[in-house]
Structure formats: C-alpha cells, structure tokens
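Starting from the given sequences, assemble the full structure and let the hints guide the process.
Protein chains: 4
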Amino acid sequence: MYPQKLRIGIVGLGRLGQRHAQNLVQRVPNAEVVAACSPLQAELDWAATTLGITQTYSDYSALLADPGLDAVFLVTPTSLHADQIIQALHAGKHVFCEKPLSLDLADCLKVEAEAARHPQLVTMIGFVRRFDASYHDAHHKVQQGMIGKPYLIRSQTCDQNDPSGAFMRFAPTSGGIFLDCSVHDIDLARWLLGNPVPKRVYASGSNAIHTGLQAFGDVDNGLATVEFADGGMASFMASRTMAHGHETLTEVFGTAGRLSVGSNPRLNRVEISDVHGVRNECTPDFYARFSDAFLIEAQEFTDAALGLRKLSLTLNDATEATRLGLAMTQAMREKRVIEF
Amino acid sequence: MYPQKLRIGIVGLGRLGQRHAQNLVQRVPNAEVVAACSPLQAELDWAATTLGITQTYSDYSALLADPGLDAVFLVTPTSLHADQIIQALHAGKHVFCEKPLSLDLADCLKVEAEAARHPQLVTMIGFVRRFDASYHDAHHKVQQGMIGKPYLIRSQTCDQNDPSGAFMRFAPTSGGIFLDCSVHDIDLARWLLGNPVPKRVYASGSNAIHTGLQAFGDVDNGLATVEFADGGMASFMASRTMAHGHETLTEVFGTAGRLSVGSNPRLNRVEISDVHGVRNECTPDFYARFSDAFLIEAQEFTDAALGLRKLSLTLNDATEATRLGLAMTQAMREKRVIEF
Amino acid sequence: MYPQKLRIGIVGLGRLGQRHAQNLVQRVPNAEVVAACSPLQAELDWAATTLGITQTYSDYSALLADPGLDAVFLVTPTSLHADQIIQALHAGKHVFCEKPLSLDLADCLKVEAEAARHPQLVTMIGFVRRFDASYHDAHHKVQQGMIGKPYLIRSQTCDQNDPSGAFMRFAPTSGGIFLDCSVHDIDLARWLLGNPVPKRVYASGSNAIHTGLQAFGDVDNGLATVEFADGGMASFMASRTMAHGHETLTEVFGTAGRLSVGSNPRLNRVEISDVHGVRNECTPDFYARFSDAFLIEAQEFTDAALGLRKLSLTLNDATEATRLGLAMTQAMREKRVIEF
Amino acid sequence: MYPQKLRIGIVGLGRLGQRHAQNLVQRVPNAEVVAACSPLQAELDWAATTLGITQTYSDYSALLADPGLDAVFLVTPTSLHADQIIQALHAGKHVFCEKPLSLDLADCLKVEAEAARHPQLVTMIGFVRRFDASYHDAHHKVQQGMIGKPYLIRSQTCDQNDPSGAFMRFAPTSGGIFLDCSVHDIDLARWLLGNPVPKRVYASGSNAIHTGLQAFGDVDNGLATVEFADGGMASFMASRTMAHGHETLTEVFGTAGRLSVGSNPRLNRVEISDVHGVRNECTPDFYARFSDAFLIEAQEFTDAALGLRKLSLTLNDATEATRLGLAMTQAMREKRVIEF
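Chains as they are written, first to last, in UniProt numbering: chain A, 1 to 340; chain B, 1 to 340; chain C, 1 to 340; chain D, 1 to 340.
Treat the hints with caution; some may be incorrect.
[To be verified] Keeping only pairs whose Cα atoms sit at most 30 Å apart, straight-line, the calculated BS3-like set for lysine-lysine is:
1) D:K335 <-> D:K199
2) B:K335 <-> C:K335
3) C:K149 <-> B:K335
4) C:K199 <-> B:K199
Treat the hints as calculated values from the structure; they're not laboratory data.
Written out as structure tokens, the structure is:
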C-alpha cells in the first residue's frame with residue numbers, strides 16, 4: 001500500500017515534540033520514525049518505551065549522518081532552527097521545523113538561500129493553523145469569492161492565564177509576544193489577504209498580570225496594526241491572560257461578508273444549562289484546539305517529501321512573518337510607527 | 001392626538017395585574033385606566049399611590065356599573081374568568097382576560113356563545129406569546145412560505161425551579177401543568193400550523209423534585225404529543241425544574257427548513273468568558289422573557305376595542321387550547337391515548 | 001511497540017464498511033486488517049487496491065475458516081447480523097457488528113445466549129455515539145453529578161432530506177425509522193439515565209415529504225415517548241427531512257441542570273456574516289458528525305479483543321434498544337400505548 | 001401621579017429627531033413635548049399631525065423665548081450643538097443634545113465652562129449606548145469586580161453597507177469615521193475602564209468600497225489604538241461596509257474574565273435552519289439595536305431635569321470623547337503616533 005515510506009528522525013522530544021512523534025508513528029501511514037534525537041536521555045527513553053524508536057542520538061550531527069534517514073522533524077528551541085535546518089539540507093534531508101523560523105531576519109534569509117540550493121528537498125515551517133479544517137475552509141471560501149474582496153483581518157491569539165507563570169522561563173528567548181504568538185496571526189493574515197506587501201506597522205503592549213515580563217521588554221497583552229500597500233489592513237491582539245481558555249480567533253472582512261474562525265473556543269459539542277447560565281467549556285490550550293491540524297500538517301510534509309504533492313506554503317512566508325513580528329516588537333518598544 | 005382613549009377598569013392587582021396596570025397607564029398612549037378592582041385594600045392602595053388610580057372598587061359588579069368604563073382587564077383567578085367575562089359582556093364592556101379562558105370546556109363554549117351575542121364588543125384572551133416580536137416574526141416567515149409546509153411543532157415551557165415550592169399553593173386550582181403552562185404552547189402550535197384539527201393526544205409526566213404535586217394529580221415535568229387530522233404533529237414539554245432560568249422554546253419544522261424561537265434564553269447581549277467557560281445569563285421568569293409582548297398585547301386590545309384594528313386571535317383559539325390541555329391531562333392521568 | 005496486533009477480517013465493504021476498513025488500516029495502530037469479505041468483486045478490488053488487503057473472500061464461512069484471523073468486523077445488512085455473529089463466535093472469533101443487533105427480539109436474545117457461552121470472546125455492537133467525545137463528556141458529567149439526578153432525555157436523530165429518496169430502497173428492510181434511527185437515541189437515553197427499566201411506550205409518525213414510505217408502514221418523521229419504572233422519561237424525534245444537514249441532538253435534564261449535545265450541528269468553527277445573517281454551515285450526514293467516534297469505537301474493540309481493556313457497553317444494551325424500538329414501531333402502527 | 005412634568009421643546013425632527021419625539025410623547029410619562037422647532041415646515045407638520053405638537057417654531061431663539069418650556073432636546077447637526085447648548089443655558093433651559101458634543105475641542109470646553117455656570121441646569125450629551133440594558137449590565141458587572149481588573153477594551157461600530165452611499169452627503173461635516181462612529185466606542189471604553197487618562201493614540205484607515213470618502217480625508221474602515229497612562233489599552237474598529245447588518249460589539253478584558261456585548265447582532269430570538277445553515281438575522285441599523293436605550297436615555301434626562309436623580313455621565317465625558325476622536329483622525333491622516 002505504502003510502497004514508499006518517509007524515514008524520519010524526530011529532533012526534540014519536549015511536550016510538542018512528543019505529540020509530533022506520536023502522530024508520525026501512529027497516524028501518518030506513510031511516515032516511519034526511525035530515529036530520535038535529544039540531549040536528554042529521559043526523552044530518548046520515552047521514545048523507545050512509548051513508541052518503540054530504538055535508534056537514538058544525543059548529538060544532532062550524528063543523527064544527520066545516519067544514511068537510513070530521509071527527513072528530520074525539528075521541534076527544538078527557536079534559536080537553533082536556522083542552523084539545524086541548514087545542516088540538514090547539507091546532509092540531504094527534508095526538513096520540517098516548528099515555527100517561527102528564526103527571530104533574526106538575516107538568518108531567515110540565509111535559510112531561504114540555502115533551501116533554494118536544494119530544490120529537491122522539502123523545507124517546511126510549521127504554521128499549523130493553515131492545516132486546521134476551519135481555517136482551510138475559510139481560506140477556500142475567500143478564494144471562491146464568497147465574501148467579495150477581503151480587505152481587513154482581525155486576528156488574535158489569546159492563551160489561558162497560567163498563574164504559575166511557567167511561561168516566564170521562555171521569556172528571555174521567546175522573542176516577545178508578537179514573535180511567539182502573533183507570528184501565527186501574521187501568517188494567517190498574509191495568507192487570507194493574498195500576500196500583500198506591508199507598508200506600516202504600529203504596536204503597543206501592557207502587562208496586566210505578569211509584570212515580570214517587563215524586564216525582558218515583553219508584555220502579557222499586545223495590540224498591533226499593519227497597513228499594507230494595497231490598502232488592506234490587519235489588527236492583531238495577543239494575550240497570555242485569558243480566564244476561559246485558549247482562544248484563537250481570526251476574522252476576515254470582505255466587501256460582501258465576513259468570515260470568523262473560532263469566535264467561541266468551544267471544547268466540544270456539549271452545552272451546559274445550569275446556575276451559571278447557558279455555557280460551554282473551552283479549549284484549554286493550543287494543542288487542544290489544533291490537535292487535528294498537527295496531524296494534517298505532518299501528513300502534508302510527509303507527502304511532499306515523498307513527492308506526492310506540493311507544499312502549500314513557502315519558506316518566504318516564514319521570513320515575512322518574522323519580518324512583521326520584528327517590526328511590531330520594535331514599534332511597541334520604541335513607541336513609534338515602523339515604515340517599511 | 002388620541003381623540004379617543006379607551007377607559008379601562010383593571011381587575012386583579014396581583015403581580016401580573018400590577019404589570020398590566022403599569023403598561024396601560026404609562027405606555028399605552030390611547031388607554032386610560034380609570035378604575036381598579038380588587039378584594040384586597042392593599043392592592044387598591046398600590047394602584048392609587050403608584051399609578052394615581054383613585055377610583056377603586058372591592059366589588060366587581062360595582063365596577064361594571066360604572067358608566068365611565070369602556071372595558072375591563074381581568075387578571076383574576078382562572079376559576080372566575082368565564083363568569084366575569086360574561087358579566088362584563090352583559091354590562092357592555094370590552095374584555096381582556098388572562099389565559100387560560102377556563103379549565104372547563106363547557107364554560108369556554110358558554111363564553112364563546114355569549115361573546116357571539118355581542119359582536120360589537122371585543123373579547124380577548126391573553127395568549128401573550130403571539131405578541132412577542134420573535135414569535136411574530138416566526139409566524140410571518142411561516143406565512144411567507146420560508147420553511148415550506150410546516151408539519152411539526154416542538155414547543156416547551158420550562159420554568160426555573162423555585163426551591164421554595166411557592167407555586168405549590170396554586171396546585172389545587174391550576175388545572176395541572178398542561179393547562180397552566182402548555183396551554184401557551186398548544187396555542188402557538190395551532191397558530192403556527194394553521195389551526196389543524198386534533199385527532200389524538202398522549203401525555204405522560206413525572207415529579208423530579210416536587211413530589212408533593214402528586215397529591216393533586218399534577219407533575220413537575222410533562223411530555224405530550226398531539227396528532228392532527230392533516231398529518232401534522234406536535235410535541236410538548238413542560239417543566240418547573242430548570243436550573244438556568246425560564247426557557248420557552250418553540251420549533252417549527254417545515255419541508256424546507258426549521259424556525260426555532262428561544263433556543264437559548266439569553267437575558268441580554270452580554271456574553272461572559274471566565275472560569276465557567278463562555279456563557280450567558282438567562283431570563284429568570286416569563287415576565288423577563290415576555291415583558292415587551294405584554295405591552296404589545298395591551299396595545300392590540302386597546303386599539304381593537306377602539307375599533308382601530310381587528311383582533312388577531314379569537315375566543316375559539318382559547319377554547320381549543322383548553323380542549324387540548326384537558327385531553328393531555330386526562331391522557332397522563334389515565335395512561336392512555338385520547339382520541340377526538 | 002505493539003507486540004500483539006489484532007488480526008481482523010472486514011465483512012461488508014459498502015460505504016460505511018470502507019470507512020471502517022480505512023480506520024482500522026490507517027489509524028488503529030494495533031489492528032491489522034488481514035482479510036476482506038464481500039459478495040461483490042468490486043468491493044474486494046477496492047480493498048486490495050486502496051488498502052492492500054489481498055486476502056479476500058466472497059464467502060463468509062470461508063473467511064471464518066481462516067486460522068490467521070482473530071476477529072471479524074461486520075458491516076453487513078441488519079438481517080444477517082444475528083446469524084453472522086453466532087457463526088463467528090462458533091469459529092472462535094471476536095466480533096464487532098454494526099447496529100442494530102437485529103430487528104427481531106428473539107434473535108437478539110439468541111445472540112446474547114451464544115455470546116455468554118464464549119466469555120473469552122468480545123462481542124460488540126457499534127453504538128457509535130457512545131464513543132463521540134462530546135457524548136462521552138456529557139456521560140462523564142452526569143456520572144460526576146454535575147446536573148444532579150438525570151430524569152428526562154430528549155433526543156433526536158434528524159437526517160438531511162435526500163430529494164432523490166435514495167434511502168427508500170432500504171425501506172423494506174430497515175425496520176422503520178425508530179429501529180433505523182431512534183435506536184441510537186434509545187441507547188443514549190438508557191446509558192445516560194443509568195439503564196432504567198421501560199414501563200410504557202407511545203409513538204406517532206407522519207410523512208411530510210416521502211409519502212411512499214407509507215407502503216412499508218414507515219414514516220419520514222416520528223415522535224416517541226418512553227416512561228421508565230423509576231419515573232424517568234424520554235422523548236424522541238426522528239426525521240429524514242431536514243433542510244440544513246444531519247442534526248443529532250440529545251438533552252439530559254437533571255435536577256441541577258441540563259446538558260445538551262449537538263444543539264447546532266456546526267460543520268466547523270467558521271461563522272459567516274453576510275446577506276443571510278450570521279450563520280454556520282452544518283454537518284451533512286452522520287459520518288461527518290461522527291467520523292472521530294468511529295475511530296475511537298474501532299480502537300476500543302481492538303483493545304478489548306486484545307485484552308487491554310473491558311468493553312464499555314454490553315450485548316444486552318443492544319437487545320434493549322431493539323426491544324424499545326420495536327415497541328415504538330408497534331405503538332405508532334397500532335396507535336396505542338404499549339405497556340411492558 | 002406625575003405632579004411635575006418636564007415641558008420639552010424638541011429641536012430638529014429628522015429621522016432620529018422624530019424617534020426621540022415619539023419616545024418623549026408616548027413613553028416617558030413625566031415628559032411633555034410642548035413645542036417643536038425645525039427650519040422645515042414638513043417636519044413641523046409631522047409633529048402636529050402625528051404627535052399633536054401644535055406649538056411650532058422655525059426659529060430656535062423664538063423657541064427659547066417660550067416661557068412654557070423647561071428643557072430643549074437638540075437633534076440638530078453637530079456643527080450647531082455648541083452654540084445651541086450655550087444659548088439654551090443662557091435661556092435657563094435644561095439641555096439634551098445628541099452626540100457628539102462638537103468636532104472642535106475649544107467648543108467642547110466652552111460648553112463645559114458655560115454649563116458650570118448653571119449648576120442648576122442639566123446638560124446631557126446622548127451617549128445612548130450607556131443606557132442600553134446590556135451595556136449597563138456589563139458596566140455593573142465590571143464595577144462588581146466580576147472580571148477582576150479591566151485592562152483592555154476592544155470595541156467596534158460597524159454599519160451595514162449602504163450601496164446607495166447616502167451617508168456620503170454627511171461626509172463633509174461628519175468629522176470622519178472616528179468622530180462620527182468611534183466616538184461611541186471611545187466613550188464606552190473610558191466608562192468601562194474607569195476614566196483613564198489617554199497617553200498615546202494611533203490610527204489607520206482605508207476605503208474598501210466608498211473611495212469617494214478619500215476626498216474628505218475620510219475612510220469607510222478605520223482602526224485605532226489608544227494607550228492609557230495606567231497601562232490600560234483600547235482597540236477600536238469602525239466600518240461602513242458590513243454585509244450582514246449593524247454590529248456594535250464591545251469586549252472588556254479583565255484579569256479574571258472577559259465580557260462581550262453584542263458579538264452576534266441578533267435581530268431577535270428566531271433561529272433559522274435551512275439551506276444556508278443555522279443562522280439568525282441581524283439588526284439592520286443602530287436604531288434597531290438601540291431603540292430601547294433611546295427611551296431609557298430620554299427617561300434619565302427627564303428625571304434628572306426634574307431633580308429626581310443625578311445624571312450618570314458628564315459633559316467632560318463628551319469632551320474627552322471628542323479629544324480622542326480628534327487625535328485618532330489626526331493620527332490616521334498624518335500617519336503618526338499622537339502623544340498627549
């Protein structure tokens with residue numbers, strides 16, 4: 001049935017890495033996870049015990065040297081992305097890498113250039129929301145002209161507040177809320193508006209709860225506006241302080257209608273009518289919201305690497321998302337409009 | 001502007017009577033409440049103090065003898081309705097009377113016959129839901145053919161549970177849950193289906209919380225089915241044990257679509273996203289749900305009595321509602337199908 | 001990882017059979033579809049080509065004789081279920097069988113008896129809704145006491161109208177709308193109410209569009225009421241004439257609240273605001289609504305057959321669903337209450 | 001009952017003026033509209049014929065000279081507001097005036113100063129949304145601490161597109177979309193956040209449909225961000241190009257939850273399930289959305305002028321709304337951040 005399977009090495013087995021690994025092993029029929037790489041022995045043990053991945057590496061270069069590998073799946077810290085992608089391309093491996101591509105624009109461009117030298121290799125950055133069935137449907141409807149000409153995006157990524165502040169430990173390296181969270185919304189906006197050219201960015205932010213973020217020039221709530229050269233606009237919000245759950249919401253305003261994706265982050269189809277009113281529970285985090293999309297994404301990467309279809313997004317999409325995220329961060333920190 | 005005002009005597013000033021009185025005094029421009037009648041001095045004092053109605057009567061016959069009155073507004077116990085309406089008609093007064101017309105079918109028919117002898121007088125039973133903007137819109141859409149041919153109604157009247165069981169004191173005289181609550185749903189079903197002829201009724205009930213109702217042959221939750229001669233059907237539910245509020249819901253199924261009125265009994269346009277999820281508060285009782293409809297109803301009665309328009313419902317509608325309510329009650333008590 | 005895989009023979013490869021086969025092959029890691037059985041060569045070809053199942057049988061007995069099989073998955077006409085299950089048990093195979101178990105109560109009991117003689121074999125009837133995440137959550141909440149004591153179920157299975165009337169060809173053998181559709185709702189009601197004993201059933205039906213069903217004693221819209229010995233009640237609706245999509249809705253009323261599953265059959269998280277208002281598209285059919293549940297169901301069967309967990313439902317559940325479905329059908333046809 | 005009625009002169013009887021007049025005449029029991037003023041004889045005729053207001057003036061000064069008047073109700077062009085209010089105060093009349101107070105900050109301050117000289121007179125600017133039951137409830141919940149500390153407002157005023165572009169004739173004098181529409185959202189944001197001091201404003205805009213607005217420095221879609229001195233933020237959107245209706249939406253984000261007012265601009269409680277999906281119709285315009293609020297507003301003005309209660313908003317609120325609206329307009333036109 002699957003005469004050809006893609007032989008994958010998974011790199012990084014933290015929480016999200018484990019989920020990627022499980023999807024690849026159990027639910028992507030033409031993927032085969034043949035090796036795992038992590039600096040942490042416990043993670044490698046987990047891979048062996050839970051998923052039967054017995055070929056393990058603590059060293060990334062050693063993994064890349066494995067001739068039995070067709071591809072790597074990078075679920076590593078952002079600061080490593082660019083170098084690891086370039087190394088993999090040199091080693092002749094297809095690469096899937098979690099978003100964002102890099103917090104450094106020069107690095108993004110370097111990766112783009114390197115990938116261009118390996119046209120036979122697939123390099124994919126995991127903008128997972130593009131693979132969500134609802135976003136996919138919205139994009140399709142826009143393409144079909146259902147809402148006329150789309151001219152404005154409103155998109156927000158709002159995380160449930162973690163009173164423990166655990167996310168604070170990522171603060172020094174996350175790049176700030178716009179690069180960490182809004183980068184998804186930026187990508188969606190570009191995708192839904194047809195890749196318009198940015199002209200001007202403004203952003204602001206504030207710390208409603210986690211004032212400790214200030215030390216890193218970061219905020220727990222941010223707002224940003226982007227104006228595009230063709231008159232299109234986008235308004236973004238990112239927050240880490242929701243009480244009800246993780247709420248990813250995107251609205252596309254067109255001249256003949258509006259599409260909204262995720263306006264009530266329903267956990268499921270259960271509605272409760274009790275002393276609190278009529279209500280529904282909410283998705284607690286991005287994984288609960290996008291678990292199906294992670295699978296579809298992994299399937300697309302696998303199929304593309306096997307030559308069965310073309311990727312639906314480009315490395316340049318990732319570069320542009322970083323470019324806009326950096327401009328927002330700068331606008332907020334310098335309290336001024338950034339012109340492109 | 002209002003060259004002619006309808007001079008009304010309000011009869012019965014309990015909770016609902018007071019609300020009717022306030023509507024008539026303050027918000028029906030061509031109505032004038034010139035007298036009030038109640039056996040309770042406290043209620044008459046309220047009318048004088050709050051609404052300036054200084055002409056008061058403890059005796060209904062005395063009120064009817066007042067030549068300065070054009071109409072009476074009866075908000076009295078159901079057991080008095082038939083006789084009071086007939087007396088008012090004899091006295092040459094227009095009559096508004098709260099639903100149900102009577103728990104006794106013979107009395108309903110007697111009132112119909114008497115009213116037929118006074119064609120110049122308006123006699124209106126307060127099926128308030130017909131005057132609700134949403135029900136009105138649904139009825140209009142059905143008439144316009146928006147859902148094709150309507151063939152099935154599902155309607156429910158569900159009251160918020162009153163842990164005090166205060167409603168128990170009405171149990172001996174309410175006629176049971178189908179005549180007290182479902183009578184509204186029956187009227188809506190007939191109205192929305194175009195007055196079909198009933199053929200067969202079945203009903204059942206149970207006491208989930210208020211087991212004391214059993215002593216009166218009554219239940220706190222009831223289900224009923226009506227089959228009509230033209231193949232139409234209706235399914236009813238009535239409950240006194242909701243946790244979230246008063247929920248009146250009616251669905252009209254047609255061959256080309258379905259209309260639903262009231263599926264989430266939203267209190268207002270506020271949505272709360274917090275630790276309980278995404279939610280809205282609910283209308284606590286029928287008055288919160290239908291306060292606007294009570295006003296529109298009072299306006300229609302006033303206009304009809306002044307000859308400015310025709311009534312949109314008939315006394316026979318009230319008779320038929322009682323007929324079906326009685327059949328349901330009998331079906332439930334005798335655990336058998338009632339054929340018409 | 002999966003030291004033991006369950007070797008399954010899939011029997012029946014119509015539309016639903018194909019979906020079951022795909023789930024088992026691609027997404028149930030510890031299942032292995034080693035053989036397929038169908039009287040139609042085209043279906044066997046599909047299995048070979050699409051899923052690589054090369055061991056094929058046109059004869060069920062031949063399949064059962066295959067020593068390499070641990071289990072069979074029956075997606076065959078209802079009239080064959082009972083015999084095929086009994087044969088499989090005789091052959092020492094675990095059995096998964098689509099609902100309903102049988103339209104004949106004696107056959108249901110015969111299957112129960114036979115299964116009791118093979119306690120080491122798993123026999124599971126596919127009441128798929130129990131495996132839906134939302135229904136599962138609702139059941140869990142009821143068990144946790146979130147809504148107090150559950151006392152009433154309202155459940156409906158409403159299919160989108162098929163103007164072609166293709167479903168008519170199943171009319172002679174479907175058993176009628178209550179055994180074909182409501183059997184799911186009956187099972188849910190029993191599950192959510194804690195397996196109460198039925199006492200009395202009434203049902204009625206009508207043909208709003210597909211009058212040809214009358215020839216088979218069947219209807220395109222049915223209503224049914226069940227009273228249980230403990231005072232619990234259930235109200236069912238089944239329809240084949242919805243305009244908007246497939247809508248499976250179940251409400252559990254409890255003394256402290258109500259749970260509703262599926263009240264708006266949203267297709268996904270996209271909301272459209274345009275000239276038609278604010279709206280969402282709907283699930284077109286039961287498979288769009290329950291595709292995830294079919295997978296979870298297949299996983300539970302596989303795990304149970306491998307001894308990794310216990311089944312969460314029993315054969316008797318299937319018998320009781322048929323018993324109530326038959327009583328509803330009889331009540332509707334004879335226009336009378338059926339007492340148990 | 002109403003020993004004292006407020007004798008009001010209505011000034012301006014365009015569409016909104018007529019609605020105010022009807023409310024005052026028919027539904028505010030302690031208001032009496034004794035005179036009307038308009039430069040258009042047709043409007044005065046309407047007042048006489050429809051509402052029985054026979055004392056009419058074509059000249060505002062003449063109206064003010066009428067000793068039988070306690071108050072004026074100004075529903076006139078914005079450019080006249082400031083002068084007309086000041087004149088009325090000089091004449092010893094209470095003043096209700098439609099929003100915005102003025103497009104000129106100096107004029108706002110002049111009015112404030114004049115009003116301060118007449119503390120016995122009530123001067124009220126009609127920020128009608130504050131009187132909407134849902135906004136009132138949201139404000140109350142914020143005050144009660146239900147969502148913790150409010151730190152961010154997202155508010156939008158989105159009008160249904162008028163393909164005729166009729167609103168274009170107001171373009172020369174409307175002050176632009178931020179002063180015409182967002183002024184309401186600004187007022188709500190200040191109210192809900194507890195009157196924070198603005199620090200920085202940015203805005204942008206674009207013409208999606210009505211490119212003719214460009215000639216007036218105006219747009220049909222605008223975005224604005226306000227940062228407050230206490231760390232609070234607000235994000236605004238205004239649009240004239242919605243397909244589905246008028247949508248006024250305000251969200252208050254607090255450290256313990258979020259309140260949303262108006263997220264689906266339901267016309268009523270009817271839900272339609274048909275070939276378009278599950279849907280509801282929407283409020284077509286601001287009056288359909290806020291008709292009840294206009295009445296409550298008129299009642300508050302009347303009561304306040306009669307000394308029965310205190311106004312719940314101040315003239316300074318109106319000044320601050322204009323100040324922020326002007327800053328947004330400037331930011332959009334000059335494409336730069338405006339600091340306060």
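Hints, verified against the model:
no.	hint	verdict
1	D:K335 <-> D:K199	17 Å, holds
2	B:K335 <-> C:K335	14 Å, holds
3	C:K149 <-> B:K335	24 Å, holds
4	C:K199 <-> B:K199	25 Å, holds
Violated hints for the displayed structure: none, as all numbered hints are satisfied.
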